[in-house]
Amino acid sequence: MIRRILNAYSIEWTKQSRQMFTFVGPAFVVLLVLLTPLQYPLHHDAANDYGFIAYALPMSLNFFGFLMLLVYSASLVATELSTGTIRTLLVRPLRRSEFLAAKMLIGMTYALMLSFAASATVWALAFFLGDLNGIEYGGELIYSNEEMLQTFLIAMLLNLLTQFAGVAWGLLFSTLTRSAATAIGLAVGSWLLLDFLKHPLNIAPFLFSSYLEQTWTVFADRCAAFETSFFPDAYYGIAASTGAAVVCFSLALFVLARRNLGS
Amino acid sequence: MISALICVVIGAVVFVEKEMDAIVVGRPNPLTGQPSLNYRHADFDQDGLADILLPDRVLLQRAGEFPAALSVPLPLPLDKPEYDVFDNKLYLRTGDRLEIHRLNGMTWERILGQNIAWPDLLPDENEPPGEMDAEKTHGTLGRYLYDLSGNGVPEIVVPAIEGLHVYANEGRGYTAKHVIDVYPSPKVIFPERTLVWPPEARAITFPPTRLRFRLFLDGNSITVISRSAGLGSLIRRHTSSWLFDVERGYLPRDGGLAASVTAPIPAYLQPCRLNADSTPDFAGVRTYISENSLVPEQIQELVLTTDGGKTLQSFRSKSFQTLCVFVDFDGDGDLDAVVESTGLYKGGLREFLTRSLSERTLPHTIAIHLQDAQGRFSKTPDLLKKLSIKLAQPPFRDGPLFTEYQNGGLVNITGDLNGDRKRDLVVRTHPDRLSIYLNENLAFPKAPSRTLDIAPDARFGVADVDGDALSDIIIYREASLEAGTSRHTIVHFSRRTAP
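Order-wise, the sequence lines are chains A and B. Just so you know, the working numbering puts 217 at position 217 of the first sequence, and the rest follows in order with no gaps. Just so you know, the working numbering puts 426 at position 426 of the second sequence, and the rest follows in order with no gaps.
Honestly, the hints are just simulated from the structure, not real lab data. All C-beta atoms in this analysis are idealised placements derived from N, C-alpha and C, irrespective of residue type, glycine included. One or more of the hints may lead you astray.
Taking CB as the label site, the calculated pair distances span [claimed, not checked]:
id: 1; chain 1: A; residue 1: 129; chain 2: B; residue 2: 216; range: 49 to 57 Å
id: 2; chain 1: B; residue 1: 421; chain 2: A; residue 2: 35; range: 33 to 41 Å
id: 3; chain 1: A; residue 1: 138; chain 2: B; residue 2: 457; range: 48 to 56 Å
id: 4; chain 1: B; residue 1: 363; chain 2: A; residue 2: 138; range: 25 to 33 Å
id: 5; chain 1: B; residue 1: 363; chain 2: A; residue 2: 2; range: 42 to 50 Å
id: 6; chain 1: A; residue 1: 150; chain 2: B; residue 2: 432; range: 43 to 51 Å
id: 7; chain 1: B; residue 1: 457; chain 2: A; residue 2: 196; range: 22 to 30 Å
id: 8; chain 1: A; residue 1: 95; chain 2: B; residue 2: 398; range: 54 to 62 Å
id: 9; chain 1: A; residue 1: 229; chain 2: B; residue 2: 160; range: 51 to 59 Å
id: 10; chain 1: B; residue 1: 184; chain 2: A; residue 2: 137; range: 30 to 38 Å
id: 11; chain 1: A; residue 1: 134; chain 2: B; residue 2: 496; range: 54 to 62 Å
Footprint (simulated), chain B over chain A, 3 or more residues, beta carbon under 8 Å [unchecked claim]:
id: 12; region: 2-10
id: 13; region: 222-234
id: 14; region: 242-250
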């Protein structure tokens with residue numbers, strides 16, 4: 001089963017990599033990071049520029065990047081449904097669940113691409129145009145470079161988990177409709193709607209999207225020499241993201257398994 | 001005035017509600033937790049209960065009440081006087097006269113009246129003369145009586161331009177004693193540039209001088225704190241103390257001089273007394289906007305030193321302005337640090353936006369850092385109280401309650417409501433509700449000990465109004481009128497037992 005999923009993933013990725021749309025998101029994310037110094041100038045002036053990383057990443061990755069991720073993952077199955085290519089794909093020895101798992105992996109790869117592109121660019125800018133020293137406060141070293149890198153990696157990993165939940169969210173809407181545009185609209189629209197209603201409905205702690213930037217705020221706080229911890233909020237974030245990913249993927253599986261793939 | 005109406009029992013505390021529009025309680029001093037008040041306490045009728053001295057009258061207390069019939073107008077000479085009180089006697093100082101009155105029944109009996117030529121007062125940059133002063137029909141409450149000699153008869157101390165003028169009463173009224181020059185040397189302010197052209201613009205001007213210092217009178221000691229340039233933007237604070245020598249005509253006692261200079265400290269650190277030791281303490285709060293976040297997070301930084309600037313301690317939090325940063329939380333006589341933080345910024349920019357647009361409940365945290373016997377404040381909080389503050393509107397609407405929250409007016413930890421010397425917490429958790437958390441063994445209960453109703457457009461303060469050593473809760477509403485501001489105040493008097 002895993003081999004079939006990996007084969008399907010490999011074929012799908014080859015197909016996706018030939019489409020320009022796949023690289024539009026990462027390109028825009030990189031562009032956004034490259035433009036950030038206009039707003040947050042970088043100089044070789046011994047002033048610490050970890051703050052630039054904390055400033056640029058959430059904006060590019062969790063604002064624009066997450067929107068692109070939803071658009072991308074919402075179109076993954078819907079395009080196959082609308083063109084009917086899903087029927088030819090499933091002629092192969094491939095179950096619908098395996099097909100959906102491969103699509104999920106494609107979405108996760110896309111999330112990794114976005115994160116890697118944004119991170120590599122932001123670190124390169126901070127390294128070459130600014131100064132990355134340990135975080136000091138009152139003449140005392142609070143966080144060394146190694147600790148900051150470690151914080152960044154933890155923040156990135158936790159953030160990826162939330163983004164994977166976003167992929168599952170997009171996939172769910174992708175299986176609900178044959179139209180890619182409708183799927184994208186539903187995925188993005190429902191995300192925005194829930195975000196607006198979650199506080200009045202008191203459901204904010206249970207929504208994965210509430211934790212999208214949470215980990216970066218810890219990184220930003222440490223850049224300002226605040227002694228903060230990822231936990232316990234990270235626990236809630238992990239639980240909400242994992243729960244959302246499992247529920248959305250299961251629902252998508254349920255919908256796709258019962259869908260009539262005929263025209 | 002409507003008399004007492006409602007009595008509510010909360011554990012060991014009882015609240016008795018009473019309308020008292022004359023009472024004004026302002027914001028506390030952030031470094032001491034002491035609220036600014038428009039009244040003073042004295043037992044004018046000698047019945048053992050504190051009466052309230054207002055700028056225009058005295059409210060006499062009877063059995064915990066302030067009946068309207070027992071309101072005595074203050075003696076008002078032609079010139080608007082500055083009132084002070086000592087040993088339950090009322091002192092009036094006008095432009096050229098001093099009078100002392102005591103209350104006899106419901107009338108004032110003058111026991112001294114004399115003419116005195118007062119010196120020109122030293123301008124106080126902290127209290128500029130108000131434009132409305134000329135329109136006031138009553139005097140003001142001042143503080144000029146100090147018992148420097150310790151004989152039970154107060155001296156009058158007037159800070160004037162040339163020094164401190166001391167007037168003593170040696171049986172036949174007050175007479176001027178020495179002018180005590182304890183002020184630091186004034187500094188010359190050199191003009192930044194002088195014009196040499198055109199020729200008619202050339203002029204030699206005498207550079208102005210500036211004198212900035214703080215003067216504290218405590219018992220028979222006098223302390224003067226001034227500043228000088230330190231390193232870069234840092235400054236040094238110079239502290240000089242003297243003892244008054246009564247036998248030498250109140251001149252500072254020879255050899256009684258104590259002087260100290262701090263290490264360079266930030267200019268915003270102000271002198272204060274955080275503990276009982278003789279070393280001057282300095283503390284201050286600065287706020288700035290974080291540069292590391294997309295959200296314009298306001299950071300509040302409390303910096304303090306209890307050892308003359310040798311070591312600085314700081315506490316930072318994401319917070320709007322807070323009401324006070326020091327209170328004697330545990331009742332040991334030393335002030336403890338209060339660090340509040342808002343949850344409005346939690347979760348990054350998108351969460352901040354959605355919360356600002358749609359959330360009415362704001363998470364708020366209060367951390368208490370106790371001061372130990374060495375004058376050090378604990379690095380980690382000794383108490384952490386998490387609160388939820390519900391606003392009438394989401395923050396984006398910028399309603400009056402959110403403005404009040406930003407000004408620190410929804411959380412008050414300055415009062416001791418049940419008289420155990422430990423600070424209790426009063427929070428406006430809802431637009432129409434005050435939640436009271438009594439300090440129980442240096443911890444606040446999870447649920448409020450008691451709640452009080454508050455009108456949505458009202459504000460509140462905490463102060464001891466009736467002088468029984470229990471803090472009371474003052475709820476007031478202000479309305480702007482063409483002729484000024486009208487104020488309606490309800491005082492919730494704390495009582496240990498039900499009346």
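Outcome of the hint check:
Separation of residue 129(A) from residue 216(B) is about 52 Å and conforms to the stated range, judged on CB atoms against 49 to 57 Å. With their beta carbons about 58 Å apart, residue 421(B) and residue 35(A) fall outside the hinted range of 33 to 41 Å. Range check, residue 138(A) to residue 457(B): Cβ separation about 43 Å, and the 48 to 56 Å hint is violated. The supplied range of 25 to 33 Å is met by residue 363(B) and residue 138(A), whose beta-carbon atoms lie about 28 Å from each other.
The hint said 42 to 50 Å for the Cβ distance between residue 363(B) and residue 2(A), and at roughly 44 Å that hint holds. Taking the beta carbon of each, residue 150(A) and residue 432(B) are about 48 Å apart, inside 43 to 51 Å as hinted. For the hinted restraint 22 to 30 Å between residue 457(B) and residue 196(A), the CB-CB distance of approximately 29 Å keeps it satisfied. The beta-carbon spacing between residue 95(A) and residue 398(B), approximately 56 Å, falls within the hinted interval of 54 to 62 Å.
Take residue 229(A) and residue 160(B): their Cβ atoms lie about 57 Å apart, and the range 51 to 59 Å holds. In this structure the supplied range 30 to 38 Å holds for residue 184(B) paired with residue 137(A), their Cβ-Cβ distance being about 34 Å. Between residue 134(A) and residue 496(B) the CB atoms are about 55 Å apart, so this pair conforms to the stated range of 54 to 62 Å. Look at the region 2-10 of chain A against chain B: 0 of its residues bring a Cβ nearer than 8 Å to a Cβ of that chain, fewer than three, so the hint is violated.
Under the rule that three or more residues need a Cβ within less than 8 Å of chain B, the assignment of the region 222-234 of chain A holds, with 3 such residues. Check result for the region 242-250 of chain A against chain B: violated, 0 residues qualifying (beta carbon to beta carbon below 8 Å, three or more required).
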